[in-house]
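Chemist: As you go down the protein sequences, you meet chains A and B in turn. Be aware that the first sequence starts at 1314, since it is given in this note's numbering, and climbs by one per residue. Be aware that the second sequence starts at 28, since it is given in this note's numbering, and climbs by one per residue.
Mixed in with the good hints, there may be bad ones.
Said to hold, decoys possible - Here are the simulated EDC-like cross-link-like pairs (lysine to aspartate or glutamate), alpha carbons at most 16 Å apart as the crow flies:
| hint | chain 1 | residue 1 | chain 2 | residue 2 |
| --- | --- | --- | --- | --- |
| 1 | A | Lys1503 | B | Glu47 |
| 2 | A | Lys1503 | A | Glu1400 |
| 3 | B | Lys45 | A | Glu1482 |
| 4 | A | Lys1525 | A | Glu1482 |
| 5 | A | Lys1549 | B | Glu165 |
| 6 | B | Lys152 | A | Glu1400 |
| 7 | A | Lys1501 | B | Glu47 |
Claimed, not checked - A few chain B residues facing chain A, derived, Cβ under 7 Å:
| hint | residue |
| --- | --- |
| 8 | Gln32 |
| 9 | Glu47 |
| 10 | Tyr89 |
| 11 | Ser90 |
| 12 | Phe91 |
| 13 | Thr94 |
| 14 | Ile108 |
| 15 | Ala111 |
| 16 | Gln123 |
| 17 | Leu142 |
| 18 | Asn145 |
| 19 | Gly148 |
| 20 | Cys150 |
To be verified - Listed next, with one range per pair, are the computed distances between beta-carbon atoms:
| hint | chain 1 | residue 1 | chain 2 | residue 2 | range |
| --- | --- | --- | --- | --- | --- |
| 21 | B | Glu165 | A | Pro1366 | 34 to 44 Å |
| 22 | B | Met179 | A | Ser1403 | 42 to 52 Å |
| 23 | B | Gly43 | A | Ser1403 | 21 to 31 Å |
| 24 | B | Gly43 | A | Asn1441 | 11 to 21 Å |
| 25 | B | Leu130 | A | Asn1441 | 26 to 36 Å |
Read the hints as simulated data drawn from the structure, not as lab findings. The beta carbon of each residue, even a glycine, is placed where N, CA and C say it ideally should be.
Take a look at the letters that make up each chain.
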Amino acid sequence: MANSHQLKRVDFIFRNENDWEKVLSSTIKRKPAELINELISSELKGRGGAGFPTGLKWKLTAEEKSDEKYIICNADEGEPGTFKDREILSRVPYKVLTAMAVCGYVTGAKRGFIYLRGEYKFLEPELNKAIDEFKYYCKEINFDFTISIFMGSGAYICGEETALLESMEGRRGEPRNKPPFPSQNGYKGKPTIINNVETLVHTFTIFKYGAKKFYDLGVQYSRGTKLFSVSGDTPKPGIYELELGMSLQDFVYEFGDGDTKAVQVGGASGFLVPRKKFKDAAIGFKGKLTGISLPTGGSMMLFNSSRSMFNVLDNYLEFFREESCGQCTPCRVGCQQLLLGIKAVKRGEKPASYLDKLIRLTETMQLTAKCGLGQSVANSFSSIVENFREEMIY
Amino acid sequence: MDSIQSLIKTLADQHGRKRESLLPIMQAIVEREKYLSEYSMVEIAREVDIPASEVYGTATFYSFIETKPAGRYIIRICKTITCAMKGKNQVLFAIQDMLKIKLGETTPDKRFSLLETNCLGWCHKAPAMLINNEVYTELTPEKVRDILTSYMKKNGQN
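Same shape as in the complex, but just chain B (with noise of 0.2 Å):
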């Protein structure tokens, strides 16, 4: 058995053999590989005993499962309506000049994603992001390149 395959017995074990258990199991594989991958929801679509085609139809609703393969930290900037005004553009030239990476791009060394998203709900904060779960608001482009440098040197002490 491989590690994901355990991963999802593990799972499926701790959420139980549901319907309802779908989407919390998906989430903890896409939380620790950080994308879904066919493989897996064929594995879970035979743990949990429901079609492949019906995980696969779940998993792909949702925008924050990723199928595609994922950096360790993805990037979600928001680009809704307030973030627009103000300023979300001048941030996102930003990242992108410093990563080197476009939109929907992953970093040749795995370790960036960079994303947009629709509304975090931090409209009073604009413009904002997430990079995985942490929250990054009132952003300029000299506060995010401060914010990917302290990225950066935490993934090089790992």
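So that you can see chain A by itself, here it is in the shape it has in the complex (with noise of 0.2 Å):
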């Protein structure tokens, strides 16, 4: 693309904002059905990666009627790549608490927590300050939300929501079936709600500056900004606000160092996109983007020319066979299969052919997996399979 435009850099969540009290006590006086409605008619969908929308997750837990809800902050960020949930942590934590507190009015719970990553346990002592004034300031007002946090303990999977209770629960982080979904049977079997840090952080400028203010930034079908975390072969690495529906071609001329080869768009479990199809790949969620629309939790990883893609997917590989939680079978054996798999290639020990075998194996996992973890491995294998299969095999 010739003139291609310059990306729309926005400034939502890190904006030094400090009025959450005013927006906490203005915000629990209107009525939980108009906030709903709200959060609907703004079109937030989950920045974690899945994208489900959040006005609908907050109704149906609303909806539910039980005597204990609770509101988890999923804080437990650990796809390859992504980082902006730690800077949110870090930079805007009351933006969090606010969000979870009207999130608790709203669908009637008490109780919230903060389930946070092993990897980031230096942030829990500040954390905790900013918890306490919190709570200081709930008891002023008479308002009933208690937050704590959570340590996790250094296992990828806890990031998936089902398994995230478990380990809240005391267990293996081992993803539940669904349904039920959390939403009805969640912590301790009562309706809970899981968000994603920046889709609580979203909220609250969705209720302070209304959700026709968010809903104007993006595209159809994915409104509003998201955090991308740029990480690899980039003159600028760092966290980035950024307006969904972004065409990769404009990513890649601001962020690129003029020789990238591919982009991994969402992290190990999501796809790469190599050069040729910059121009037709836009970031946001499925709908009426032009070309593929790839959802993403914001981790854009360059790489250049002098990468070898074979020592991507190896990398991934390696990650995903350690990561996997060895419950179900497509995922424990799948994983360590690929992995053999491709490195035999390589080796020369099987044939080129047998690359597709692994990529049916893959289509195998994506059916059968119990949970995204195991279906997702699938996007990233095809996609560098696809389109690298010559570094591959020589």
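Given two chains presented individually in distinct reference frames, assemble the corresponding complex, making use of the accompanying hints.
Modeler: Pasting the structure below:
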């Protein structure tokens, strides 16, 4: 694209706003149904990667009849290439806490948890200070909502919502069968909302500025902004808030080093897009985007021509092999066999056509694995093998 | 009652004798002892009143719950893609060379253990590592030598 337009930078999430007390006290004066409608009309979708409509999630839990409900902020940020949630929790923790409390108000929950990954334990003291101050204010306005931190212990899979629940209940972080969904049957069997850190901050923005302000950003089916964690072969790695719906071409124009060979969108469980497909790829949730639309938790890893895509895939597969919880056979055995398989092809012990067999194995995993981990290995595997087949063989 | 037993009892008092308390209790023991022994697992099982096999199953699931004796400072170097691309191996070699241990080993004086780990979430400042809960980023062989030297001095003072 010759006249590539600038990416639309936005500043909502990290904007320094010291009025969380006012936002909280004024929001909880509004009717829950009104707040849910506001969220639904903003078309906010979950920012952890899966993209479930947030307003609907809140509505489902609000409609459940139960004496106890829970709000969980999912800060088990483990997807390779993602580091936005840590930044949010260290820079604007009050927005997260406020959003959790509002969510509690809307759904009737009195108790909230932040599930913080073990790797981020250094955040705990500061976060606890913020929670204490928040608690103090809630007491002052007579609002009953308690938040505490639950520490993870180094398991990627616990970012999957039902594995997270198992972990909080003191078990191995093995995903549950769905349904029932956590909105009806979550933590300790009670209706539970599990939202990503970034999703919660967007609800803060929406309740403060109104749904329209959010809705006007982005494109159809992918409204609002998104934090992107940019890393790899780029002169400016870091965290950027951008409007959804941008083309990958524009993104690479802004962040590439002039020699970008491919971009991994959405981390190891996402898709690899080669240079020739940049202009057809847009970043957003499924819907009427031009060409391929790529949902994402915001991980953008750039690779230049000095990188071997075999090494990249090898690294991902080793990651999945280690992080697979081992509960279901397609994922446990599949991840191992994929890793052994590409190595065997590389060494010439298996013919190149063996790669097609491995792709069929990922298709089987996509259909039969119990959770998103095993299902999504197919994304990066087939997009790398199909686009860089020669690098897998020679 | 030995010291581990009384620690477990205190932790169970503090967190409650419920299944949900299991992870926080184990984490606190690892924080202090650097690992969770089989003896500790059996004691937790007794204190919280759940089968020891369940405690073992849960403990061994989590990569930050060490079940083998480890050093006072556990070095976890990130090996995921961006760190691997940005020179993690050179940093790892520098550490191995300096401490004279391989991955998965502990120095004879029980100061340092060296492990690899998956994505730490510092890809924009790769390569990265953790020493216990402390984060170190944008590592180079020179930088990591300085960091380890400061830990060795720290240890000397105690």
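Chemist: Does each hint hold? Answer for all of them.
Modeler: Results of checking the hints against the structure:
1. Lys1503(A) to Glu47(B): holds, 14 Å
2. Lys1503(A) to Glu1400(A): Roughly 30 Å between the alpha carbons, so the hint for lysine 1503(A) and glutamate 1400(A) is violated.
3. Lys45(B) to Glu1482(A): The given pair, whose Cα atoms are some 9 Å apart, holds under the 16 Å limit.
4. Lys1525(A) to Glu1482(A): Answer violated: lysine 1525(A) to glutamate 1482(A) is near 39 Å, above 16 Å.
5. Lys1549(A) to Glu165(B): holds, 14 Å
6. Lys152(B) to Glu1400(A): Distance of about 13 Å is within 16 Å: holds.
7. Lys1501(A) to Glu47(B): holds, 9 Å
8. Gln32: violated, 20 Å
9. Glu47: holds, 5 Å
10. Tyr89: holds, 4 Å
11. Ser90: Since chain A brings a Cβ to about 4 Å from serine 90(B), closer than 7 Å, the hint holds.
12. Phe91: With a closest approach of 3 Å, the phenylalanine 91(B) hint holds.
13. Thr94: violated, 12 Å
14. Ile108: holds, 5 Å
15. Ala111: Cβ of alanine 111(B) sits 6 Å from chain A, so the hint holds.
16. Gln123: violated, 19 Å
17. Leu142: violated, 10 Å
18. Asn145: holds, 6 Å
19. Gly148: holds, 4 Å
20. Cys150: holds, 4 Å
21. Glu165(B) to Pro1366(A): 34 to 44 Å: holds, 39 Å
22. Met179(B) to Ser1403(A): 42 to 52 Å: violated, 29 Å
23. Gly43(B) to Ser1403(A): 21 to 31 Å: holds, 29 Å
24. Gly43(B) to Asn1441(A): 11 to 21 Å: holds, 19 Å
25. Leu130(B) to Asn1441(A): 26 to 36 Å: holds, 34 Å
Checked against the numbered hints listed earlier, the structure breaks hints 2, 4, 8, 13, 16, 17, 22; every other hint is satisfied.
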